[in-house]
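Chain E is already provided as a structure; the job is to place chain A with the ligands on it using the hints.
Taken in order, these protein sequences are the chains called E and A. At position 80 of the first sequence (counting the first as 1) the number is 80 in the numbering used here, and the numbers step up by one without a gap. At position 300 of the second sequence (counting the first as 1) the number is 300 in the numbering used here, and the numbers step up by one without a gap.
Mixed in with the good hints, there may be bad ones.
Unchecked claim - Beyond 12 Å from chain A on every Cβ pair, some chain E residues (computed): (1) 136; (2) 140; (3) 183.
Said to hold, decoys possible - Computed footprint of chain A on chain E; a stretch qualifies when at least three of its residues, placed anywhere within it, have a C-beta under 8 Å from a C-beta of chain A: (4) 12–18; (5) 83–97.
Calculated directly from the structure, the hints in this document are not laboratory data. Just so it is clear, the structure is predicted and the values come from calculations on it, not from any experiment. In this text, a Cβ means the ideal position worked out from N, Cα and C, and glycines have one as well.
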Amino acid sequence: MTFRELVIDNPLQIEFKRAFRRFFGVSRNGTLNAAILVLCVMVYSILMLVVITYREFMSPIAILILQLIMLTFIVPANLHGAIAAEREKRTWDMLLVAPITNAQIVIGKMIGGVLLLLFVSALLIPATVLSFAGDNDATFGKVLAAEAVVLGFAFFLAALSVFISARTKRAFAAQLTIYAVLILGLIVWPIFTSVLVPYREQGYLLFMHPYYALVRIWDPGSFGSMVGGASDQGLFTGWLQLIVYLGAAAVLTQVTIQSLTNSDGDAGPRR
Amino acid sequence: MLEVKELWKVYGPLTAVKGVSFSLKPGDIFGFIGSNGAGKTTTIRMISTLLEPTHGTATINGADIIRDPMGVRRQIGYMPDFFGLYDDVKVWEYLDFFATIYEVPPKQRNSVIDNVLELTDLTVKRDAFVQSLSRGMQQRLCLARCLVHDPALLLLDEPASGLDPRARAELKELIIELGRMGKIVIVSSHILPELADFCNCVGIIERGEMLAFGPVNQILRQIQPTRVLAITVLDGAGEVRTRLADMPHVLAAHLEDEHHLRVEFNGDHEQQSELLAALIQANVRVVQFHEEHANLEDVFMRLTTGAVQ
Ligand SMILES: Nc1ncnc2c1ncn2[C@@H]1O[C@H](COP(=O)(O)OP(=O)(O)OP(=O)(O)O)[C@@H](O)[C@H]1O
Ligand SMILES: [Mg+2]
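Looking at chain E on its own, in the form it has when it is part of the complex (with noise of 0.2 Å):
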């Protein structure tokens, strides 16, 4: 399997062009998507003026904040439908009846997804640099680490909608797994860890928590002036959450790939 085929050649960018129209007002919903696309530019726009303005009081760590939890919403958004809307449409066996590989199907779904959060991220990048003026301890090393953790993050969750996705029948229990899970670990394993071990502990069961990771980072000294000194100071580099995040989500993906299953949810003699 080469990148070529993976990725250049894949024949399910026709994807992309699917999503663009279905923006760009073709389809029945057209109408409702241009309405929510002005939304968001005018949000957007909002945004900009204000980060703009108000650029001496800004810190990088809230457009950063910001871009995780769009992030976070987005990324199940788009991708929460790659397999299961597609069994719910019986489009499914007709593609695996075809001579692509499971590879192919699972890679070619998560690259619309990836260009997405991508291009989100980048539309923040003018945000961040403009609020450097605000903030005084802000360097350069600390954004990119930042946003390691926050790309890192949204490529995982892409990469969890994708496999929640290829277990689900229907888009819409998909997504609600989805959030589920989010729930689960970015809300309640907190409030669980937090009442399990000492709080100069906690860092090491949040490892991979990006919120608590942002602040950890931008803030170092923040936990350990409370209580003393955490014990876990060099867990929170950034770059080692961004390693753990893409190798649980090529580990994810490969177990993706392996055990995809038909409409019905059964096997077929794929390799």
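Relative to the frame of chain E, chain A with the ligands by itself:
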């Protein structure tokens, strides 16, 4: 050449397919008949590599569905019983997408798309959006999609459902044409009379078992070894009956009412014409004299019990 060898599919306590075997050669149009839940779709899905058989296998021109599923996929066109089409793509884009997946060289794609559109009578809808097509047109588009890579085997699971009588007749023509092009076509259907006219081979499946397989005529003869002649006379049917009973090759003669008789006959066509001549010479006033053909429906009803599992 398609060879299906002892296919089994077990779903927990239920065995959906129990050792189905048959083989077909290029040009064969195979009608796959069975009541609801008999195992047609399961068999077809196993052959199309969507479902792993519990035992057994099938090969298409040497490619084995278990050992070489990619080789099989390149040679088959599968039309599911229920299917959907992608929204937000145009008819030609939909076909182009599948032509790409099926590795049709880029230079040939346009002409291939034009050909299959022509064959399925969709040329005028080339630039229409897929979701704007009627159900019958979508059915034909799905069939067009199966044809972009010129497959050796077509698996059509109830392709006629949802079609109006005209579209059905057109589909029939198309299937006959595909057989003439040397493809193996497997069509499953409930509508038996429809299958009888264009399939050169039928298989009857019930509760996962193939009860009969072979050319239509051969199956009919198995079911009904003697021929039945229906005779209508103007008067004196009782007298004719006694006369008939003594004639050569007549096994039995039954009186239906005062005008109609049914004769079980084991002679050939020549002896049949001699029988008619003898009746007329004997001044029997014959109104009608014809052979009653059993049809697929009779065969189906007689072979199957209608039991489902
Ligand atoms: N995924 C599955 N899990 C369990 N049982 C199944 C599954 N798919 C099919 N069956 C069972 O297998 C049997 C055969 O089903 P199949 O769909 O092959 O029948 P069919 O001949 O195509 O019927 P129909 O004419 O209604 O389409 C049925 O009893 C069905 O309930
Ligand atoms: Mg069926």
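Results of checking the hints against the structure:
no.	hint	verdict
1	136	holds, 50 Å
2	140	holds, 42 Å
3	183	holds, 31 Å
4	12–18	holds (count 3)
5	83–97	holds (count 8)
Checked against the numbered hints above, the structure breaks none of them.
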